[in-house]
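Going down the list, the sequences are from chains A and B. All the letters of the first sequence, read from the start, carry residue numbers 24 to 380 under my numbering. All the letters of the second sequence, read from the start, carry residue numbers 24 to 380 under my numbering.
None of these hints come from the bench; they were simulated from the model.
Treat identical chains as interchangeable: a pair holds within one or across any two.
Derived lysine-lysine pairs resembling DSBU-like cross-links, with alpha carbons at most 35 Å apart:
hint, residue 1, residue 2
1, K144, K78
2, K268, K57
3, K337, K131
4, K144, K309
This is what each chain is made of:
2 protein chains.
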Amino acid sequence: MKRFFLLTVALLTVWAAAAQMRFVDATELNLIGKALPTPHPYHRIDTVAYKGFTKGENQQVRCSAGLALVFKTNSTRIDLEPQYTSFVYAGASTPRVASEGFDLYIRKDGEWLYAASRAPKKRGEAYTMISRMDSSEKECLLYLPNYSELTSLRVGVDEGATITPMENPFRHKIVIFGSSFTHGVSTSRAGMSYPMQIGRNTGLCFCSIACSGNCKLQPYFADYLGDVKDADAMVFDAFSNPDAKMIEERLIPFIERIRAKLPSTPLIFVQTIYRESGNFDLRSRKIEEDKRDMARRQMAEAMKRFDNVYFVDKADLTGTDHVTSADGTHPSDLGYWRWAQNLQPELLKVFRKCGIR
Amino acid sequence: MKRFFLLTVALLTVWAAAAQMRFVDATELNLIGKALPTPHPYHRIDTVAYKGFTKGENQQVRCSAGLALVFKTNSTRIDLEPQYTSFVYAGASTPRVASEGFDLYIRKDGEWLYAASRAPKKRGEAYTMISRMDSSEKECLLYLPNYSELTSLRVGVDEGATITPMENPFRHKIVIFGSSFTHGVSTSRAGMSYPMQIGRNTGLCFCSIACSGNCKLQPYFADYLGDVKDADAMVFDAFSNPDAKMIEERLIPFIERIRAKLPSTPLIFVQTIYRESGNFDLRSRKIEEDKRDMARRQMAEAMKRFDNVYFVDKADLTGTDHVTSADGTHPSDLGYWRWAQNLQPELLKVFRKCGIR
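Given the sequences, and given the hints that come with them, work out the whole structure.
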């Protein structure tokens, strides 16, 4: 009898929890952070229209890194029901919250304040992101997973609550193309990649084409970027993945190829950061030093040849105390936070020169 | 023919890589960070001798969180061959590097400098932690996984290189008992839990009995701690897991039980940190505020009743900008780093009072 009673209570609880939520498809809200529209809602690049990418690159640009949903709701609880393809990220330094979870901020006193970050316990199941809030109307910014391919997403609110799309709260359009660093590998959650942090801090809209390990000045990426006619500027973490020889051979042709389509868009290249693997691994240290030297040389040449091409070459963006690495290559949240804090004023200086405020 | 040639080259490469390494069992080196000896080398508490723990607590104290190997070697490369039990940590906010990987530091100019952190690609396989170093003799500090149970560990060095146990470079014996925070849940690597950071910064030896979610002032933990006769002090992150009612009921009896065995060992309790889940989740905020208030009340009473009992009740140990959370509960590396930086001077003040320098 006791068991029957407990079962009844359990069933009623499940029913009550399910009954009180109303789900809307995320496509009814506003998805921001995409450089160009795609037929598939959660892909960053239309891999049917744009060719030349490797299989791995195709997979990566179908991941939702840098995309975010903006909406208003007076719900006291927000549930999510994401559906994923079978692709699962296997990197050892990135937790599931970042690779397949969501990261929620709510605007308070004009600032984006952390609200919740969570991955489903089991992929594809509806789960509660946050609950037990007051019922005032809130402006929500929800980052999608860094390293998963979504097929659909539904957002659940209290049955009687409102949920409406919100205008993009970020201004301008800055496309950022980069490596695993820009992708946010080893961040604790999607909103902690340095472009997303700088976006929240400054109110500027960053559209990320980060492609972990594959930001190598490839011509087909230049072709894609050249089609983003309405970008106010483009930022490149372009010296983290290629070796010195690749930078020597590819940088000028890469810029030329973009310039053929975009004669004047500001192109801002950023030096690659110090890797902690070089503290004792002498070959790693040499490879990284060679890359940085070559980037300096080639950027000097590029800035002679092209107008509106800039190079941010600041040392020690993640500090000098060597405590910021997750795996010798990628920073942890500590490193990404310092990177955002230190890069932001440098980028803002260049943006101001280009009339981006 | 070409395929045969490539296969031969591949086999020779594998053979050469294998042949050049010599493995020693980690038990031949020096394992530090254990409060009391255990028959099993990588368990923190002898769960055969100490009873009363739940199944989950038994599992956790068999994990190697806070244990570290210290040795000297002139090898240019260090390989590891860990063997694990089938237990796999399932937390979504902790990357594999922290839960089953290793974290290596090498002493340089008197400081512990980050060298490498890495998990095996596949559990139980030998893998290279670091290579291509110079061949000077190095003092190595290797943290074991935070959240795995090791059955064995072998350390590989160049065939002609030396590897010898090293004396414990840390002084005193500070036992630290705490929650997932002390355990290091959501750190990027084992060396980033706040006790291990403070240990490297100060040279003090912290022995961690962290037990994620299970630091609830249980009498059987008091019994265990009471047996650590040679501890210079004990630190408790004891208000993160229990609710206000538990703190009210259990704190005084818990201290009494330890004091029965340890009449004068300094017992230093630390206030629980702010949880970012409370930014909007009103119930979470209330629960945490109630806990902190109750901790204050009960600690005032405890300090009246017992000598050498201290309370570190400092706010905002992880900052006030709300950017440090991995999942609403646990800090990311950014939060753990700030926590260590801010808690360290407070602990040192109390340690100095107790003659620990």
